[in-house]
Amino acid sequence: MINLLRDPLPKSLIWIGMPIIAIVLIILLFFIRFPYDEFRVPLQNQLSQISNAEVRIGTIEPAFTWAGPALAAVDVNFIQPNQPRMTLERIQLRPAWSSGWFNLAPTLDVGITSPLGSAQGMLSLGSAPRWTGTINLPDLSALPLPETIPVGLTGSLIAEADLQLRAGQAAGPVEFEALAGSFSHPEIPIPVEFKRLIGELALGGQNLLEVKELLLDGPVIAADIGGVIQNPTQGMAPAIDLDVIIEVKSPPLRAMLMGMGVQLDRAGRTSIELGGTLTRPITR
Numbered sequence: 001m002i003n004l005l006r007d008p009l010p011k012s013l014i015w016i017g018m019p020i021i022a023i024v025l026i027i028l029l030f031f032i033r034f035p036y037d038e039f040r041v042p043l044q045n046q047l048s049q050i051s052n053a054e055v056r057i058g059t060i061e062p063a064f065t066w067a068g069p070a071l072a073a074v075d076v077n078f079i080q081p082n083q084p085r086m087t088l089e090r091i092q093l094r095p096a097w098s099s100g101w102f103n104l105a106p107t108l109d110v111g112i113t114s115p116l117g118s119a120q121g122m123l124s125l126g127s128a129p130r131w132t133g134t135i136n137l138p139d140l141s142a143l144p145l146p147e148t149i150p151v152g153l154t155g156s157l158i159a160e161a162d163l164q165l166r167a168g169q170a171a172g173p174v175e176f177e178a179l180a181g182s183f184s185h186p187e188i189p190i191p192v193e194f195k196r197l198i199g200e201l202a203l204g205g206q207n208l209l210e211v212k213e214l215l216l217d218g219p220v221i222a223a224d225i226g227g228v229i230q231n232p233t234q235g236m237a238p239a240i241d242l243d244v245i246i247e248v249k250s251p252p253l254r255a256m257l258m259g260m261g262v263q264l265d266r267a268g269r270t271s272i273e274l275g276g277t278l279t280r281p282i283t284r
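If you count the sequence shown from 1, position 255 lands on 255 in the working numbering, and the numbers rise without skipping.
It cannot be assumed that every hint is accurate.
Stated by the list, open to error - Here are the simulated lysine-lysine pairs, BS3-like style, with alpha carbons at most 25 Å apart:
(1) Lys212 x Lys249
(2) Lys212 x Lys195
(3) Lys195 x Lys249
By construction, these hints were calculated from the structure, which means they are not laboratory data.
Sequences and hints are given; from them, build the entire structure.
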């Protein structure tokens, strides 16, 4: 057995080890001294095309991942007229294995960190950019919703999405699960609490989104919602066309609603149709 403190290293080990060490040092030196800032402008332009916003990147720096070296854009700001600035703390990108590279549509593994949460997925570039991945929002109350959507949210959410990205518009299916939260609206006297809220949505197309299924399970009520929320026009709030089935779980609330003339079946269920807009929904 070799005593490293007294015995010299075998020549065979030196012959094998020294070239490997030299190659590793050369690669490490190249990786550290590579002019990463040259990627700033091309990346800003690509993100601007996808988001339809002015994009400003603070710095570009190298990153190490289990799958290999990567680039990290730090302090990324998306700026649009009459919209609050959106800031991402970090966007980390590395090449991902995909046949799209042979069709001039490279695919990147993308990790995003922001004050609102995080996202991880695959971004396919080219003529039809597409993002597939997961989104984690630990605090829904921090979401900066526009004034045309007067809904208050609390709780946490995890979503899976497969979205096409064109000129700041996202289109495609989204499935999500929100836990231990509530939603509020100016037309609802008290916030509606939920233990679990799961949904299947379709963004884009002829509508702002299609609610394929939205199931709410709360301590007081449960609800099953489907329908569409239309695209807003000329600064107006989006119009809605929703079918809602509500189950009132609380016996005192059932008695109060029936005393007000609300029709409930034996299980405490009723169904309504909602029209109007998100700001002023009306029953039909």
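Status of the hints after comparison with the structure:
no.: 1; hint: Lys212 x Lys249; in the structure: 24 Å, holds
no.: 2; hint: Lys212 x Lys195; in the structure: 20 Å, holds
no.: 3; hint: Lys195 x Lys249; in the structure: 13 Å, holds
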